[in-house]
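Peer 1: From first to last, the protein sequence lines stand for chains V and P. Heads up: the first sequence at position 43 corresponds to 43 in our numbering, and the numbers run straight through without jumps. Heads up: the second sequence at position 680 corresponds to 1680 in our numbering, and the numbers run straight through without jumps.
Some hints could be false.
[Unchecked claim] In silico DSS-like cross-links for lysine-lysine, where the CA-CA straight-line distance does not exceed 27 Å: (1) Lys335(V) with Lys1434(P); (2) Lys1108(P) with Lys220(V); (3) Lys1002(P) with Lys156(V); (4) Lys1109(P) with Lys220(V); (5) Lys1108(P) with Lys207(V); (6) Lys220(V) with Lys1111(P); (7) Lys225(V) with Lys1109(P); (8) Lys277(V) with Lys1681(P); (9) Lys225(V) with Lys1002(P); (10) Lys126(V) with Lys1681(P).
Rather than coming from a laboratory, the hints here were simulated on the basis of the structure.
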Amino acid sequence: MLPLIKFILNNKDIATKLPPGMVLLDFVRYHQHLTGTKVGCNEGDCGACTLLVGELKNNEMQYRSLTSCLTPLGNVHGKHVVTIEGLNMEGLNPIQQAMYDESATQCGFCTPGFVVSLAGFCLSGKNASTQNAIAAIDGNICRCTGYKSIERAAAKVAALMQARSSTEPIVFVTENNILPAWFATIKQRLYFLSTELNGQLQPTTAKEWVGGGTDVYVQKHDVMKDASIRFLFDEGGLKGITQQGNRCIIGASATVTDLCESPILQLHFPRLADHMKLVSSTPIRNIATVGGNLINASPIGDLTIFLLALDATLVFRHGEQQREIPLRQLYKGYKTLDKDPKEQLVTISFDLPGAFTLFNFEKVSKRTNLDIASVNTAICLTMADDRIQWARIAAGGVAPIPKLLEQTSAFLGGQVITETTIQEAIAIAQTEISPISDARGTADYKRLLLGQLMKAHFLELFAKAAH
Amino acid sequence: MKNIDAYTHVRGESIYLDDIPLIQGSLFGASFGSPVAHGVITNLDLRDAITHPGVVRIFTHKDIPGENQIGGIVPDEPLLAGHEVHFCGMPVAFVVADSMEAARAAVKKIKLTIDPLPVITDPREAQAQGELIIPPRTFQLGDTASSWSQCAHIFEGRADTNGQEHLYIETQGAYAVPQEHNAIKVYSSTQGPTAVQRAVSRVLGLPMHLVEVEVNRLGGGFGGKEDQANTWAALCALAAHHLKKPVKYSLHRMEDMAMTGKRHPYSADFKIGLNEALKIIAYEVTFYQNAGAAADLSPAVLERTLFHCTNSYYIPNVKATAYSCRTHLPPNTAFRGFGGPQGMFMIESAIAKAAEELGINAAIIQEKNLLQTGDEFPYGQKAQSEAPECWHKAKTLYDLDAMLQQVQAFNATNTLYKKGLACMPICFGISFTKTLMNQARSLVHVYMDGSVGITTGAVEMGQGVNTKIAQVAAQVFSIQPEKIKIHTTNTFKIANTSPSAASATADLNGKATMLACTAIADRLKKMAAEELGVDVRLVALQNEYVYVNGQRTDRDWKSLVMAGHIKRIGLSEHAHYATPEIYFDATKEKGHPFAYHVYGTAFVSITVDCIRGIYTVDAVKVVHDFGASMNIAVDMGQLEGGIVQGIGWMTMEEVVYDTNGKLRSNALSTYKVPDIYAVPKEIAVEFLQTPHENLAIFRSKAVGEPPLMYGIGAYFALRNAIRAYNENGHFPFAAPMTPERVLMALYPTQKKGITESHEETINHLAVDK
Ligand SMILES: Cc1cc2nc3c(=O)[nH]c(=O)nc-3n(C[C@H](O)[C@H](O)[C@H](O)COP(=O)(O)OP(=O)(O)OC[C@H]3O[C@@H](n4cnc5c(N)ncnc54)[C@H](O)[C@@H]3O)c2cc1C
Ligand code: FES
Ligand code: FES
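Chain V with its partners taken away, still in its complex shape:
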């Protein structure tokens, strides 16, 4: 029997027995007939289907945008879902007005997605900068406008939020008529809903596990609707990023956005925001989990490469049993893992970089943002004066698996950094990799690119610092 899924859709309470694996987009468009949300690609890459999802976090509403084409109903259980219809008020709301005034809409097909994403910015509590408003729409593709008018609209939306200071965003936007007044009632309604539900949705047996769904729903969209699914996204034990001594422990269901917003990581990775900006887009980062990135075993997963260079350790759970395994031992071949299908990833942990440890991440793709890497690489160096004590360098897109370049790393240990050492390291790396030609680049290109990105590591870590 299918479970009852309950959530609030705009201003309306929903209780449905439709399959929890059905994507939210289909539910909204074809079951609720709210056709303002558009279908552009069905795989998270256009943003036409963007919705907001709100949940109670520490007694505050936290709203995030997501791509509803990849989000199963099961992942919004107990939450508040907002579509473009939910943002409509008498006349235009100020976000819509800004888009209107700047002629930031032409064919209009992408427009609801942009408006929803901008509303997400208003609700996010982020600083009211144009840059942040634009970041909120980094997952929305528009083929008509060339974006300049949308940038101008985004600047106006940012200005709307400038007076907020420390007011809770949802209070500010309702008091200032940016969003409909009923938004103010959501917090309490969600509170009642969550106490009523109390983790009702977890089935005991399930074949499919879903984190954010951004990988599974791209790979096998059609079978997921009727699959029996265990939803890991909101599983309590899998959330959170904590520090124990100098170890950082990340729950498998922590999202990329959680990483970006973690004070622990921000402190230890000063360029974290730059690096994470290269990973997918805001609505994808909001739902893509670390666990999903590691387990989907893509040879170009960004977080995987990041964590390989950090020599992360994984903890798997199967019933009562737990097992620890270094990430570098997980990948056995193209999309094959040293892992029983019944084992669940629980945590990922690694040593936080100390004062003498340097870290860098590089990624090049056809389009710099919202694209999968042609080649990505991360490096972690522990320095003793100007000598490398320890090196770990990982690279994606150059082998059937996300690759720890072991020989290159070993070679670098003990070296002083010179032009020659770097050239030698690049030469060794070339012997460790076996890239193939695909839509993301030819094998020759990927070889050249990895070498270049290795140079970039050293430039970023040393040359730039020296300036």
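Place chain P with the ligands on chain V using the hints.
Peer 2: For chain P with the ligands alone, kept in the frame of chain V given last:
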């Protein structure tokens, strides 16, 4: 005035094909496309598919009551493959089921056995084998053969441009609803309602008056829905006709990308000759157009390539030959610019080649050869040129010399980053090059309450044509735009329409609307004159009132209309407009095919990260000839959008087919269009309001296509930046300049200074998904 649709757009209330409320009992279709690019069908096994729960019926070519043919210009394209398949994704069967999921799932259960035949993907190879869509065409001016001796410098080379996926965010689709008397109504996301009507009529064997095609709006078209909306409409109509049930098919993105054609890839050989003074004396070019498996619009696209083969320059001796080559790719089709951009890329490559060899800036050659008024195009028309005006205005306004100096200074001091700057003048002819298509009709009803309803042949797809039409009516009647509603485009209301294309839609339909409104206004004014006992020449409509001799009367618009109705004055008008003056004689390849030309100049500057091979477009600075823009907001939107789309074509947008003709860049994850971070940091646009009379609506020149071609400058700016890093870098004139091509050009170690990235690209193997 803002786009009249903007209000509902920002509220998510605008209705697109997939938003139309469904009629009870509606069924859903999905097509099965050939997995093989070329071969003979030996067996089509539908058994597993037909028993899939929910499947109602599966249609094949055998079910077609009329003709299995949807080719527009050349009848060479079956709707459903019968005996042979000619491209991957060619529809072979159409599954209809009671849900979209069931239809899609059943498609996966269809089994097709094919005896494969050789696959051609390269147009040069097709040409060598005599696989041509139409006989080659040649445009000639002067005599190139005898001119080379006058040239101090002669350069030859090859240039290639790749295709471009339209990537309208709304995919293709149709919804067919059977009507009484065997008629059928088709809602279609098409730029060409009449083309859809003809295709449906042909396939079903029904006269056109039984086929109603209605278009509310498109979520983008860019040419991709000019001819290629026909297939889906005809499939839905076929099924609806048989089943007597409404049938809808809104394509999945991957179906859309795999089954529809794109901008034509071109390959060309050029030879350019200049005299000592750097005047271009002669230019020869041979174009190989990759038409794909069927003609579609390729012959017309080919023609426009020839029309624009000298871009914005006067060259006294030209010989341009073009081959439309039949390959086994999905039939390539219209895309903003319609062959023009490819023609321009080749001449710009020839100029760049000359400049690189001579060690000078290409801008010097460009400037010396700009078209002057009175100069003759290779097709015989004399230019009314704004080219020098645009160029010089841009040069002073944006201080080109200073821009060039800054680039030089930057490059002298930076080793890791290099900047490049390129100038891109454009000249684009407005009109359908097929003269007969330059006609339009408009139906205007003034209702007795003073509100106005207008139907034209124009399709609104974001270009703002309906806004402009409303402006025309508002101006003629001198009433508030709120009183005007532009209705859906419908073949039962407006017949025999030309597609919304060639940038000419607002001109043609706007002029027809102007004629219709003027006729009604004249009748009303005549009545008012009689009523007031004054000479009709003194009567004017102004601000919703009747004015006599400049004085407002108390006859307002509303009461005027009501009085007209009472007096039995015709308050409706159906007007016809045909562009005057234009003609073209294809036997001589000479004539006056364009109502006018649009000119402009852009400066594009780019910074390349020479370590990573990635780049950012710093600025695009434009002076554009608008004539007299009637809607700056709409026109500005077309400019910015066109520029970014053109830059996309030249940089990151890479259509990849493997040698088996299978599309590898088959999703948004593998085909990248510009996102918000990829666009130029600055786009500056100066509106050059040019004074000359022209045939544009209210003298407001067409603006849909021309700006796209400014994007070509991005390629040459990148080239210049790379050469700043790698002075002797020789790399092919091949677009798009992806980060891969840039990096390979920066570090051309493997192959002694020459990277053959074109070949490499073709060899791309698989997609990691
Ligand atoms: C538009 C788009 C852009 C993207 N861009 C990038 C990018 O730039 N960089 C990048 O690296 N990736 C990118 N991805 C891929 C994807 O988003 C990431 O890999 C993401 O981290 C996957 O996480 P998820 O939670 O969504 O995975 P899911 O789809 O939920 O799961 C993926 C797999 O992991 C399994 N799984 C999940 N959690 C667990 C667990 N705790 N224990 C055991 N198994 C588990 C699932 O069963 C499934 O097999 C992109 C995807 C999309 C759609
Ligand atoms: S439909 Fe494109 S992101 Fe969801
Ligand atoms: S307005 Fe058409 S896609 Fe954005």
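Peer 1: Report the numbers of all earlier hints that the structure fails to satisfy, in ascending order.
Peer 2: Of the numbered hints, 1, 9 do not hold.
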